[in-house]
Amino acid sequence: MQKISARNMVRAMVGNHAVAYAVMQAKPQVLAVYPITPQTTMLEKLSEYVETGKLKARMIRVESEHSAMASIYGAAVAGARVFTATASQGLLYMTEMINWAGGQRVPLVAAIATRAIASPWSILDDHQDFVSKRDAIWIQMMAENVQEAYDLTLQSFKISENQNVLLPVMMGFDGFILTHTMERVEVLPDEIVDSFIPPREFNLVDFTDPVGIGPVATPEDYIFYRHQAQRAMERAKGIIDEISREFQAISGRTYGTIECYLCDDTEYLLASMGAWTGDARVAVDRVRSRGIRAGLLKIRTFRPFPKERVRDIVKKVRKVIVMDRAVSYGSGGVLASEVRSASYGLDVPIHSVIGGLGGKDVRPLHMEKALDDAYSNALEDERWLL
Amino acid sequence: MMFMRGNAACPGCPIPRELDALLEVTGEKTVLVVPASCTTVILGDNRGMPSKVPVVHSAFAASPAIASGLKAALNARGEKATVVVWAGDGGTGDIGFASLSGAAERNEDILYVCYDNEAYMNTGIQRSGLTPFGAWTTTTPLGKKERKKPLPQLIAEHGVPYVATASIAYVFDYQAKVRKAKDILGFRYIHLLSPCPPGWRYDSSLTVEIAKVAVETGIWPLYEVEKGKFRLTSISKTLLDKKKRKPVTEYLKLQGRFSELTEEEKGTIQQEVDEMWEWLAKMESSNS
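Chains as they are written, first to last, in the numbering used here: chain A, 1 to 386; chain B, 1001 to 1288.
Each hint should be verified, as a subset may be incorrect.
[To be verified] Covered by chain B, according to a simulated footprint, are these stretches of chain A (three or more residues, beta-carbon under 8 Å):
#: 1; region: 20 to 33
#: 2; region: 58 to 64
#: 3; region: 75 to 85
#: 4; region: 96 to 108
#: 5; region: 194 to 207
#: 6; region: 216 to 228
[Claimed, not checked] Facing chain B, from chain A, some residues (calculated, C-beta under 7 Å):
#: 7; residue: 181
#: 8; residue: 210
#: 9; residue: 249
Quick caveat, the hints were computed from the structure, so don't treat them as lab data. We put the beta carbon where it would ideally sit given N, CA and C, even for glycine.
Throw the hints in and build the complete structure from the sequences for me.
Structure representation (C-alpha cells):
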C-alpha cells in the first residue's frame, strides 16, 4: 500500500465522475461531447462544471461523435487544450476524425468508456472498441481502477502535449465496471495539478506565418510524416515512464507503460489489461498459495506497445497466459498476438484466453483454472470462456 | 491579392476568383476550413500555399464542426478572426449536411460559404444532392431524375442570422453580402453558384457568362435573408415580372450537360423556375 500524502483528498467517486474531475483540474478550454452509454454521466458532470463556472471552457454540444472529434480537432489546431469522451459505436462513428487527428499529431485527450460493438447490441463492457483504434496514431492507455482512470487522465494531457511526443492520447477504462462503480479515489489539490500540467503552448493557426494544415501530401512527404509518427511513438515509451515518475513525486503512485506483480521468480505469467487485472491479481495469489510460481504482467500502454519491456519479462518465464477481451477475427486474441509478437524468437509458449466479450462475466476462478491448466500442460493455445 | 495566381485550378474555374473576392473583404485575419473538394487540390500540396491566410484542411463531413471548435479556441485565446468554411455542394448538402445543420442550430459564430458546382467535380462529375433536374453527370448518364436540394432555404429555416445566395458574375453583390456577413455575430451562410467548365460541358471562356445567365433567367435568384427578413438583391429585384426573365433555355443551351433534355423536360424546368418565382414574390412581399 502506498503512503497517502497528507495534502491529498480522499473521495468516493464513480469512474465517470473521477475522470470528469481530472478533466476539470486539467483546465481544457474547449470540450465537445456527444452522449453515449456508458460515458453519459461523465458528459453530464462536465456540463455541470461548465454551467456552474467551475470549469471555464466552451462545451460544444455537437450533433454526433464525428463532429465531437472534429470540433476538438479544430480547437486543438488553434491552440486550445481540449477533451472529449465516447464509447463503442460512438468511437466507431468518430473513427474518421480519430485518424485525422492522429495523422496531424495534434495534442488531444479522449476518454473511452470501453463497450462491446454491435451488432448484436450490447451496452456492456469489452475492449473491442478500444483496440480497434490501434492503427490511428494515438497513444492508448487502459486504467485498472477508478484511481488509475483519474491519474491517467491527468497524465494524458501532459504526455499528449509533450514537445517530443505531440500525439493524441486515448484513456480507456472499462465501461460500467469502472465508469459506474464507486471507489475510493485520492484526488490531487488543484495547485499541484496546475504545476504538473502548465498551460498549453501549441498553436498551428498563426496569422503572421500562415500554413496549410493537413494539405495534400506527395508520396515522399506522406511516408516521411508516417515515419515521423512511428518515431514519436517510440519516443513516447520513455516519456510516458518519465512523466509517470513526475506523477509519482506528486501523488506517491507509480505508473508507466507496464506493471509487474511477483515477476522476479515467475514461471507462469498471466498478462492482462484493464479492470480485470484486479481479478488476475487474486488468481495469481491463489495459485501461488498452492505452490505454483505465478505472476502478473499488467499492460497499461497498448500503443505504443512496450515490446522491449514485455519481452524482458517473457524471456524469464516458462509460459504466458494472456487474457483478452477483444478478438481480431480470423487471427485471435488481440493482446495475445501483441505479446507473441513482442516475444518473437523466444521459446516461451503464449496461450490466449478470450473472455468477457459483451460483458460476459469472468472471475478469478477462470484465470486460476487457466493457470492450473497451463501448469499441468492442459491449456489450449486459444481458450474461449463461453 | 490574398489568393494568388499560379494555383492548381482548371482553366475557367471561378473558385480562385471567388476565394479572392471573399478574402479581399474578410482580410488577413481569416482562417479557411476546407473539406475534401476541388479547393483541396487548388490549394496544392504542402510545398507552397496560394493563400495568404491559414488553411485548415478537413475531412469531408467535418468542416462545420472543425470551424466551431476553431472559433471557440480563438475566442479562448482572445484572438479576433473570421472563421470561414469554404465547401463544395457535396460537402455541404450531402455528406456534411448533419454537421452543417448542427452548427447552424447551435448558431456557431462562423461564415459558411458553399461554392456550388452542382456535382462531385473533384472526383470526376458524379451527381450530388445539389445537381439540378435533367443534368448529365457520370452517375446520371441519362440526366438526373430528382430535383436540386434547396439548401439556402433549408439553412434559413434554422433561423440563423444571415443567409444569402450569390454569383461570381455579380461580384459587388457577392462582396457586399460577405461584408455584411463578416460583421454579424452567429451563423452566416452564403451559397454561391459556381459554374464548372469540364463538369458542365462548356468552353472555359464562358464561366462568367453562364453565371450571369443563370441569374438573368431566374434559375439562380440573388437574395438574402437577414434576421428572417427576405430581400431580393441586385438585378434579381427586377425579375419578379416574368416577362423580364430570360427563358431558361438561354441557360440550358450554353451547357453540354443539358444537351439531351427533351422539350418536355425543358418545359418542366421552366415551370419549376416560374413556381419558385411565385414563392420568391411572396417572400419579398411579406417583408414590405
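Structure-based check of each hint:
1. Closer than 8 Å: that is the beta-carbon criterion, and the region 20 to 33 of chain A has 3 residues meeting it against chain B, so the requirement of 3 holds.
2. Counting residues of the region 58 to 64 of chain A whose beta-carbon sits less than 8 Å from any beta-carbon of chain B gives 6, enough to reach three: the coverage restraint holds.
3. Here the region 75 to 85 of chain A counts 7 residues with a CB under 8 Å from a CB of chain B, which clears the bar of 3, and the coverage holds.
4. With 3 residues carrying a beta carbon less than 8 Å from a beta carbon of chain B, the region 96 to 108 of chain A meets the three-residue requirement, and the given coverage holds.
5. With 5 residues having a Cβ less than 8 Å from any Cβ of chain B, the region 194 to 207 of chain A passes the three-residue criterion, so the hint holds.
6. Taking a C-beta to C-beta cut-off of 8 Å, the region 216 to 228 of chain A contributes 4 residues in contact with chain B, enough for the three needed, and the coverage statement holds.
7. For residue 181 of chain A, the interface hint is violated, since its Cβ never comes within 7 Å of a Cβ in chain B; the closest pair sits about 32 Å apart.
8. Because the smallest distance between the Cβ of residue 210 of chain A and any Cβ of chain B comes to about 4 Å, under 7 Å, the interface hint for this residue holds.
9. A hinted interface residue such as residue 249 of chain A counts as satisfied when its beta carbon comes closer than 7 Å to some beta carbon of chain B; here the least separation is about 30 Å, so the hint is violated.
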